[in-house]
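Number of protein chains: 2
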Amino acid sequence: MRQPHRAVLSFSLAFAIAASSAAVRAQTAVPYDELARGEAVANSQAGKRVAPPKSIGNPADDVSPEMQAIIGAPYPPHFNADPKTPAEWKELIDRRAKLAIANLPAMKAKLGVKVEQTRIAGVHCFIVTPSKMPLENRRRLLIHVHGGGYVFGPGEAALPEAIMMAGFGGFKVISVDYRMPPDFPYPAAMDDAMAVWKEVLKSHERHRLAIFGTSTGGAMTLAMVLRAKDEKLPLPAAIAPGTPWSDIDKIGDSYASNEWIDNQLVTWDGWLGRAAKLYANGTSLRNPYISPIYGDFRGFPPTILTTGTRDLFLSNTVRTHRKLRRAGVIADLNVYEGQSHAQYEANVDAPETREAFTDIAKFFDRYLKQ
Amino acid sequence: MRQPHRAVLSFSLAFAIAASSAAVRAQTAVPYDELARGEAVANSQAGKRVAPPKSIGNPADDVSPEMQAIIGAPYPPHFNADPKTPAEWKELIDRRAKLAIANLPAMKAKLGVKVEQTRIAGVHCFIVTPSKMPLENRRRLLIHVHGGGYVFGPGEAALPEAIMMAGFGGFKVISVDYRMPPDFPYPAAMDDAMAVWKEVLKSHERHRLAIFGTSTGGAMTLAMVLRAKDEKLPLPAAIAPGTPWSDIDKIGDSYASNEWIDNQLVTWDGWLGRAAKLYANGTSLRNPYISPIYGDFRGFPPTILTTGTRDLFLSNTVRTHRKLRRAGVIADLNVYEGQSHAQYEANVDAPETREAFTDIAKFFDRYLKQ
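Sequence lines, in order, name chains W and S. For the first sequence, position 147 matches number 147 in this note's numbering, and the numbering has no gaps at all. For the second sequence, position 147 matches number 147 in this note's numbering, and the numbering has no gaps at all.
Quick caveat, the hints were computed from the structure, so don't treat them as lab data. We put the beta carbon where it would ideally sit given N, CA and C, even for glycine. One should not assume that every hint holds.
Unchecked claim - Just so you have them, the derived chain S footprint on chain W, three or more residues with Cβ under 8 angstroms:
| hint | stretch |
| --- | --- |
| 1 | 46-59 |
| 2 | 74-88 |
| 3 | 255-265 |
| 4 | 306-315 |
| 5 | 328-337 |
What the hints assert, rightly or not - Straight-line alpha carbon distances no greater than 27 angstroms define the calculated DSSO-like cross-link-like pairs of lysine-lysine that follow:
| hint | chain 1 | residue 1 | chain 2 | residue 2 |
| --- | --- | --- | --- | --- |
| 6 | S | Lys-202 | S | Lys-229 |
| 7 | W | Lys-132 | W | Lys-108 |
| 8 | W | Lys-202 | W | Lys-172 |
| 9 | W | Lys-250 | S | Lys-48 |
| 10 | W | Lys-362 | S | Lys-362 |
| 11 | W | Lys-362 | W | Lys-229 |
| 12 | W | Lys-48 | S | Lys-250 |
| 13 | S | Lys-132 | S | Lys-202 |
| 14 | W | Lys-110 | W | Lys-98 |
Turn these sequences into a full structure, and let the hints steer you where they fit.
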């Protein structure tokens with residue numbers, strides 16, 4: 001940020017030229033044979049993998065046009081945001097929240113979903129109710145913990161996923177508007193979510209309850225079960241952590257292999273890792289309530305996980321899946337072709353969105369008591 | 001191959017230097033900020049993803065030391081082999097077969113497995129029998145179609161996977177030594193596999209039969225079910241296509257995203273794509289018996305799929321998984337952290353190998369009649 005402007009520009013230009021020549025090379029004359037020989041040399045020693053620059057088009061087969069547009073979109077403008085003060089964080093958070101909220105009325109109308117505000121155990125929540133609810137779902141309830149790196153998605157901005165789950169799945173959903181940094185670091189978010197969980201247990205049998213969420217919400221879903229186990233609370237009948245941020249540190253192979261390939265999160269070294277540190281606020285990133293991959297998964301309820309082949313959290317997701325299976329837990333996994341992080345819920349009109357939520361709804365239907 | 005030797009060397013050297021400087025950059029001082037800015041410029045337009053050169057270490061968490069060694073190994077010497085004549089193909093095939101066969105006695109001894117040769121419907125096969133077979137498996141039988149790009153794995157060289165399935169799973173296995181190019185292109189391999197299938201059906205109830213195989217064997221497993229459907233033959237009770245070569249053409253996102261990252265297959269443009277064309281021998285690569293992803297999966301038996309996050313066939317696997325689910329088929333998916341193509345069976349001593357075969361065995365146990 002502090003380098004002379006000219007140096008920055010010239011690097012960017014050089015980089016763009018290099019990238020573009022790499023693209024050209026990938027598509028034209030140049031010598032696949034030479035590339036292959038160079039790669040063989042670069043990969044002749046054990047312990048590391050060296051890959052050349054790449055230019056990759058959209059996947060076309062088995063991917064809808066709507067999803068292709070999402071997969072091929074430019075990086076989001078904020079991917080490398082580096083807010084230095086609470087005020088700068090809030091400005092960014094508010095700006096993104098406004099964008100999310102703008103889409104809500106159309107989404108609610110399209111899916112026939114009603115949203116009300118409430119407080120549960122003192123925590124601000126939304127009750128999200130579909131106009132059509134199958135008979136077998138009448139006494140079931142889903143608890144939603146939203147994504148956003150523990151910083152994004154305050155208030156109504158958290159609602160898109162809850163609305164899609166209610167609308168596509170025909171479930172009543174309680175979405176927890178938990179407290180977040182910069183004002184409230186760990187463990188505020190978890191404390192809020194657990195307060196709601198305890199309160200809901202007073203009026204609902206655990207066999208009719210599930211918890212779900214994506215990304216940070218996926219990590220919180222897992223951490224809530226870990227904490228419920230530790231606190232001897234009843235566990236939900238099923239959970240759906242979507243592409244969970246199960247290791248909040250930059251640990252896991254796809255943090256490297258899908259870095260700069262994922263066009264949603266792009267890299268841990270941007271806003272994401274900064275948010276991780278802001279949230280942890282000095283607590284170890286290996287604390288299982290922060291990085292649930294380090295927790296004990298024995299006794300977990302049936303779990304369905306969702307990710308994509310370009311997802312920066314592909315490893316977060318599959319490490320979680322394997323660790324659950326190693327612990328003897330029923331664990332289902334869906335991986336979508338070409339999708340970056342959480343893109344299965346990026347556009348309510350993409351067929352893959354309906355598919356992902358329908359698959360989760362079927363899973364809940366299988367494991368929740370009527 | 002026809003360029004002056006000096007030019008090749010100088011490119012290789014330049015490439016190695018570039019790769020090594022990329023590695024240094026990734027690890028030290030250099031300007032993440034500049035890299036991020038360059039990437040933002042390169043990814044400011046829709047429709048393509050541009051990624052910089054990468055140097056990636058071994059994944060460590062949730063990966064055994066044995067598997068880390070496999071994941072971090074250099075490229076195989078033959079990854080870019082380009083045999084020009086049947087004789088050159090045979091020389092390469094024989095050379096690789098000898099390596100595979102050398103390991104067999106120790107593997108058989110370790111897993112307590114016996115191998116006998118036989119002919120079924122005129123096709124050379126191996127009967128692979130574990131010394132310990134659970135009571136419930138006594139009347140069950142698995143049909144194995146081996147991998148190797150339709151060229152590798154003649155005779156006993158095909159046996160490692162069959163031995164591991166028999167040993168870890170406690171199943172009797174028939175491994176089909178189907179005919180292959182360069183002498184026998186498509187449809188010889190499929191004709192042999194189907195002849196065995198038909199013959200086995202005469203003495204076994206379909207509910208006690210499963211088919212499995214990895215890579216090419218995974219594609220053949222899927223294609224056998226497609227062909228059995230078309231020929232109105234009974235279908236197996238379950239199948240286990242491991243990282244199936246379901247699209248034999250270079251179609252699918254991970255052919256690009258994991259190119260040069262996967263250290264087993266490395267790239268479609270090496271021996272792999274050459275073998276594809278040799279096998280197809282002019283038949284369309286979109287023929288569903290060659291690329292089963294283009295077939296109709298309705299009515300398929302329960303299917304378990306296995307792959308890894310670095311697998312060049314990650315997309316082949318997840319496209320198959322999704323297409324099966326879209327067709328209403330029970331389909332299970334395991335994705336291993338950091339693994340390249342088929343590495344879940346690369347070392348009989350890796351815990352992940354036992355895990356992968358045990359998971360498949362449990363799946364068969366669930367869906368096969370006793």
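Here's how the hints hold up against the structure:
Counting residues of the stretch 46-59 of chain W whose CB falls under 8 angstroms from any CB of chain S gives 14; the rule of at least 3 is met. Interface restraint, the stretch 74-88 of chain W with chain S: holds (4 residues with C-beta to C-beta distance below 8 angstroms; minimum three). With 7 residues bearing a CB less than 8 angstroms from a CB of chain S, the stretch 255-265 of chain W meets the requirement of three and the coverage assertion stands. Counting residues of the stretch 306-315 of chain W whose beta carbon lies closer than 8 angstroms to any beta carbon of chain S gives 4, which reaches the threshold of three, so the coverage claim holds.
Residue count for the stretch 328-337 of chain W with a Cβ under 8 angstroms from a Cβ of chain S: 6. That meets the three needed, and the coverage hint holds. At roughly 17 angstroms between alpha-carbon atoms, Lys-202(S) and Lys-229(S) fall within 27 angstroms of each other, so this suggested pair holds. Between Lys-132(W) and Lys-108(W) the alpha-carbon distance is near 13 angstroms, which keeps this suggested pair within the 27 angstroms criterion. About 17 angstroms separates the Cα atoms of Lys-202(W) and Lys-172(W), which keeps this hinted pair within 27 angstroms; it holds.
In summary, the hint linking Lys-250(W) to Lys-48(S) is supported, as the alpha carbons are separated by about 25 angstroms, within the 27 angstroms threshold. For the suggested pair Lys-362(W) and Lys-362(S), the alpha carbons sit about 23 angstroms apart, so the restraint of at most 27 angstroms is met. This hinted pair checks out: Lys-362(W) and Lys-229(W) have alpha carbons roughly 25 angstroms apart, not beyond 27 angstroms. Taken as a hint, the Lys-48(W) and Lys-250(S) pair is honoured in the structure, with Cα atoms around 25 angstroms apart against an allowance of 27 angstroms.
Note on Lys-132(S) and Lys-202(S): the hinted pairing holds, with a Cα-Cα distance of about 26 angstroms set against a maximum of 27 angstroms. Note on Lys-110(W) and Lys-98(W): the hinted pairing holds, with a Cα-Cα distance of about 20 angstroms set against a maximum of 27 angstroms.
In summary, this structure violates none of the numbered hints.
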